[in-house]
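J.: As a plain string of letters, each chain reads:
2 protein chains.
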Amino acid sequence: MIIDALIDKIQLTGNPSVIGLDTCIDYLPQEMQEVCTTLEEAGKQITKFNFDLIDTLKDVIPAVKVQVAYYEMYGVEGMKAFRDTIAYARSNGLIVIADVKRNDIGSTAAAYSKGYIGKCKLAGGEVTPYESDFITVNGYLGSDGILPFVEDCKKYDKGLFALVKTSNPTSGELQDKIMDNGKTLYDNMATLVDGWGAELVGKYGYSSIGGVVGATHKEQAQAIRKAHPNMFFLIPGYGAQGGKAEDLAVCFENKMGGIVNSSRGILCAYRKPQYAGMDYKQAALTAAIDMKKDITRCL
Amino acid sequence: MIIDALIDKIQLTGNPSVIGLDTCIDYLPQEMQEVCTTLEEAGKQITKFNFDLIDTLKDVIPAVKVQVAYYEMYGVEGMKAFRDTIAYARSNGLIVIADVKRNDIGSTAAAYSKGYIGKCKLAGGEVTPYESDFITVNGYLGSDGILPFVEDCKKYDKGLFALVKTSNPTSGELQDKIMDNGKTLYDNMATLVDGWGAELVGKYGYSSIGGVVGATHKEQAQAIRKAHPNMFFLIPGYGAQGGKAEDLAVCFENKMGGIVNSSRGILCAYRKPQYAGMDYKQAALTAAIDMKKDITRCL
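Protein sequence lines correspond, in order, to chains A and B.
Be aware that the first sequence starts at 1071, since it is given in our numbering, and climbs by one per residue.
Be aware that the second sequence starts at 1071, since it is given in our numbering, and climbs by one per residue.
It is worth saying that the hints were derived from the structure and are not from the lab.
Just to be clear, a hint being listed does not mean it is correct.
Since the list can't tell identical chains apart, any single copy or any two copies may satisfy a pair.
[To be verified] Quick list of in silico lysine-lysine cross-link-like pairs, DSSO-like style, CA-CA up to 30 Å:
(1) Lys1247 x Lys1288
(2) Lys1079 x Lys1351
(3) Lys1342 x Lys1189
(4) Lys1362 x Lys1351
(5) Lys1191 x Lys1342
(6) Lys1288 x Lys1079
(7) Lys1342 x Lys1362
(8) Lys1351 x Lys1191
(9) Lys1273 x Lys1128
Please read these numbers as outputs of a predicted model, since none were measured by experiment.
Put together the whole structure using the sequences plus the hints.
T.: This is how it looks when you write it as structure tokens:
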């Protein structure tokens, strides 16, 4: 089961962290940025940067998270970079989380699913244009908008992370509100996630249907960990967003149960004073190892 | 203001409906489907079908809604069809709603926005790869995930529709739950939408920041219409999903205040007994006119 494969890979590398390839051209070194005068060239430079990071980091990290927004903004050429980045990461043995936060009514959710984790039917056969191991989804529409994704997870051994408690400052505006059953919206969402994933619990006790739980809201994360023991957490918000290793330790139980994302902190490490003199590959590798140490010392 | 342009166009055509170009290859006539042996060919056939429908419908309808899921599932080649469809519809004077339901933390929302309604910066200048007039978004993350889109709406005279009460059967699972202020989640969402759009209310009293309110939940739609008079509704769920003209009339006030979507009902009209003998263009045109009559008789 894919969640077991992810946990095995975390244990193999000793590293419960995932690097977010949120590669916009602003994050590239000056000389690469200057070449990006067209969408096509932007796509090429981003692809080169990503391939370099995958080559450099593949033995140190279990997974990459690829945030599609940073590719969509470069149009069709950006989506080529997204497609090629995902394929290259998988061919190098990394688990790929496509961070797409898709959501819609059932028939449309099924269409999205075909693009990333299911199969898209053509006249001559089937393909998966952006084949990933996990995707992220948003459950505001309720179960019938998520079940098509879950069906494909079952059929093709894939996984997903549904937004539960997000890392952004205003996530509490709706998510923290108490609903008529006495529980918060995020806790109600977490209960739905448990239900969607009940048949996909693997050998470590975690389901391939997980939740996104931000590193920036310690108390809520702790409450979710306690109430939803089978939920594997994708944990954004570490580093650039302010989440600290000490705080996100509550997401783990016996050093298991989550994977922590860092994007800008790794991609742009070469601009930080502590990595001065390193190129972006060396700096990313050093920052990824520093992150691993920082997190594992707290678990 | 874009919301005024949309309402003007609705009045010009006398037609408060929008055709959803949710064009998967299953909806194409058999002889076109058979050609779709590759993603590239699928993209071409879908583009041809869409262009034909735009040519046929452009004087009868004010707008098209393009559901990106049906393009993403065909990968990069599908996104070419999405890009070209949007551009062709706009060049033919139609208002374009990119139905993407994007959502993320602020910095990522800003990246999405650049792809559809803002500007994406390159070394030589700025572009908008998939320039649309309106997009759809999902506000589960709260204000700071939506405000980057709203900023671009202000800057570039664009609009958006945030999910409020969706048309799918299980939309009530979370959206109908009463929160601690005594109001439903969808009503709390609607109040946020009002706030986001307060500075973008146009000459007809409606804001360019609107809401998605399904045609399949009459009572809820009526309550939202009453409590949120400045909110313009994008109304899915008519036709194939079971929403009836009699029911969705509650979304309107003096024949204004919303636009009703139909996708499969128009795209696949040529398969219906009542349009037998017509090709897909004639059938779509006849079905679009039938839909216009059906809705306007109830307002």
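J.: For every hint, state whether the structure bears it out.
T.: Results of checking the hints against the structure:
1. Proximity of Lys1247 and Lys1288 under a CA criterion of 30 Å is satisfied in both settings, with 17 Å inside one chain copy and 26 Å between copies.
2. For a Cα distance limit of 30 Å, the shortest separation of Lys1079 from Lys1351 inside one copy, 22 Å, qualifies, whereas the shortest one across copies, 53 Å, does not.
3. Taking the closest pair of Cα atoms, Lys1342 and Lys1189 come within 30 Å of each other only across two copies (28 Å); inside a single copy the shortest separation is 42 Å, beyond that limit.
4. Taking the shortest alpha-carbon separations for Lys1362 and Lys1351, only the intra-copy value of 16 Å comes in at or below 30 Å, while the best inter-copy value is 59 Å.
5. Only between protomers do Lys1191 and Lys1342 lie at most 30 Å apart by alpha-carbon distance; the minimum there is 24 Å, versus 47 Å within a single protomer.
6. Taking the closest pair of Cα atoms, Lys1288 and Lys1079 come within 30 Å of each other only inside a single copy of the chain (26 Å); across copies the shortest separation is 50 Å, beyond that limit.
7. Taking identical chains as interchangeable, the C-alpha atoms of Lys1342 and Lys1362 lie at most 30 Å apart only when both belong to the same chain, with a minimum of 18 Å there against 60 Å between chains.
8. Taking CA atoms no more than 30 Å apart as the test, Lys1351 paired with Lys1191 passes between copies only; the shortest distance there is 25 Å, against 39 Å inside one copy.
9. For the identical chains of this complex, Lys1273 and Lys1128 are intra-copy neighbours only, at 25 Å inside a copy versus 56 Å across copies, given an alpha-carbon limit of 30 Å.
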